[in-house]
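**Student:** Residues per chain are reported as follows:
There are 2 protein chains.
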Amino acid sequence: MSLISSISVRQFRNFSKYEARFDPGLNLIIGANGTGKSSLLEAISLNALSKSFRVHRDQVCIKEGESYFQTETIWKKGETEHKVQVNYLKDKGKNIIFDDAPLEKFSDLIGYFPLVIQSPENSALTDGGSKEKRNFFDRLFVQSSRTYLYHYQQYHQLLRQRNALLKELKLKKKLQYDPRLEFIDEKMIVPAWQISSFRKEKIQQFSLRFCQAFNESFSRYEAEIRFQPSLNSIGFGDYESEFRQRCQKNLESDILLSRSLSGPQSDRFSFLLNRQPLESTASQGERKLWITLMKLSEGEMIAAETEEKPLFLLDDLFAELDLENSFTIVQRILNQQQVIITSTDLADISKHKIDAIEPNLKVLNLP
Amino acid sequence: MSLISSISVRQFRNFSKYEARFDPGLNLIIGANGTGKSSLLEAISLNALSKSFRVHRDQVCIKEGESYFQTETIWKKGETEHKVQVNYLKDKGKNIIFDDAPLEKFSDLIGYFPLVIQSPENSALTDGGSKEKRNFFDRLFVQSSRTYLYHYQQYHQLLRQRNALLKELKLKKKLQYDPRLEFIDEKMIVPAWQISSFRKEKIQQFSLRFCQAFNESFSRYEAEIRFQPSLNSIGFGDYESEFRQRCQKNLESDILLSRSLSGPQSDRFSFLLNRQPLESTASQGERKLWITLMKLSEGEMIAAETEEKPLFLLDDLFAELDLENSFTIVQRILNQQQVIITSTDLADISKHKIDAIEPNLKVLNLP
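Protein chains in written order, with this note's numbering: chain F, 1 to 367; chain S, 1 to 367.
Bound-form chain F, shown alone:
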């Protein structure tokens, strides 16, 4: 069991100083446009995942005119309390203090307080691109498996080295296989294989879980998730030789594009609704429902794999959903251990009958 008890932020986004306490179960953050609802969720996720889900550069989170920000969360894991403090200084960058000791590797934090975030940024997930879909599954897998996290980090470090080397070869106009490239490629095989076989197995499990949830809530629809791995081999021996062959075959294009074409970074995903690509046929509301149910399945899968029920952060959950669909979603959400939902308006809550089902919900009003 892991829960968030409180957060306090300083000079973060539009907040000079703000503190909030959370209860188990359903928590609502109510506030007008621009009062900082999403920023509070961002601060919580920063303290769980070591980086913001909204921006690449943490510096953007500093309040205008200030030189630092600080976010502090108190978590409860079983019977123990933990404190996570993230400090970002304009000139010195970020440090993370875990239970009063500085964290050496930020990624050690990932998965310790499992988290599922739904935000308007997720809409890219249903817009057809494979990158966001890969990111979705990677975020789920790194939180639920230390092994996956390890191989994922190792592989992507090698990939960055490889792409830098390709760029160098392009500048030198050397379109040949370089010994340094071969050295990197050989080191890539094991993590690539680990990522690949993990994905194959777990995406199938996820897909079963998700499609069932989708078809239950939305009986007239048939949902399908397709996974097309970049390399098709089944056993490690075959994978190894296919990987080597591909690296050699794509050499010229890899160098010209300064980008590595084969490997897990090219795995493709597609989402289908009634056998049609989601991006060309589904309405905005149907996409929102798809994403929300994916997020719920993500949480259930994390819970199944790690035996820890994750915290759900759901930003502007009700926008775009009709009454019937949001009611179905709310039913599933009320089974969760701890959920934080933002909304512009408390009237939404009674409209969706949440207060009738869950009279003990906690409401935070942002000024």
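Quick caveat, the hints were computed from the structure, so don't treat them as lab data.
Careful, some of the hints might be misleading.
Stated by the list, open to error - Below, simulated DSS-like cross-link-like pairs (lysine-lysine); rule was C-alpha separation at most 25 Å, straight line:
#1 Lys353/F <-> Lys351/S
#2 Lys170/F <-> Lys353/S
#3 Lys94/F <-> Lys51/F
#4 Lys249/F <-> Lys167/F
#5 Lys170/S <-> Lys172/F
#6 Lys249/S <-> Lys167/S
#7 Lys170/F <-> Lys351/S
#8 Lys249/F <-> Lys173/S
#9 Lys353/F <-> Lys353/S
Nothing here was measured: the structure is a model prediction, and the numbers come from that model.
Put chain S on the given structure of chain F with help from the hints.
**Tutor:** Same frame as chain F, now just chain S:
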């Protein structure tokens, strides 16, 4: 004055057959997720702009399993009725029948029934890229000026020829100035200059109008639109020589990228809220407000330029806006001649007090 009186669609998106009538003033389309609210707006815009604002390939609009779609609108312009019929056949493509005669050039339709559309697809407008911003202004200008439309089409036809030629030169590895390229470049100068000087003047006018509207509705904010043209020259003579110089200077990169770097297609725009880029600081609700006010300003500008008040199509207007902001928006909308708004729920309408202000609104319930 131009109004839409009715639409009927066949085998379009999820509709087998559907007809609807509209009144002047405020029209509401109410329906659950996936009932076709956005598809109806799409059909209306297709009959006014000759193509869908949601997809590039019209074929996607055909109902699954069918071989054609048809959309028919009745418009009133002054005292005269006009009928526009768009037919799309799977194998034969599109034809447009205007008052029972086939239209030779689809673009002749553009601007005849002026239209402003706000849809969730617009969110790209506030996400930092320049392309969507250029598209926004181009759509406004082509509807309000036949001259702009003419030069815009001419320039983009030349640009397509130029890029095809660059691709050819790249394949042949000829990194030199080709006489055919020079021929195209010379023809590009006049339309490029026309587009450029039109944009400079009109964007300033638009910006004044918009920023004033924004600051009125949102007094604690300061909005700013910045326009950075790709070429800076002021008079035609200077522009001409700058254009030539740039084409020669960028020759190698143009060929390597198969893309033309100089000219109006590289004009840049940025949106600032309180002197910060909108994409890094504004909340989702603030972005929605920004887009909605841009759309209202677009409509006012079209009305001022063409003396025709445009039809407003506002898809899921209320999502993401808080009560106060949506009320401000609604006040401005009620001044318009004809508006069609979609929503999942009639309760939204009373929540936003629209029925109290405008008791004669027309409500269409989608099954």
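**Student:** I'd like to know which numbered hints this structure contradicts. Please list them from smallest to largest.
**Tutor:** 2, 7
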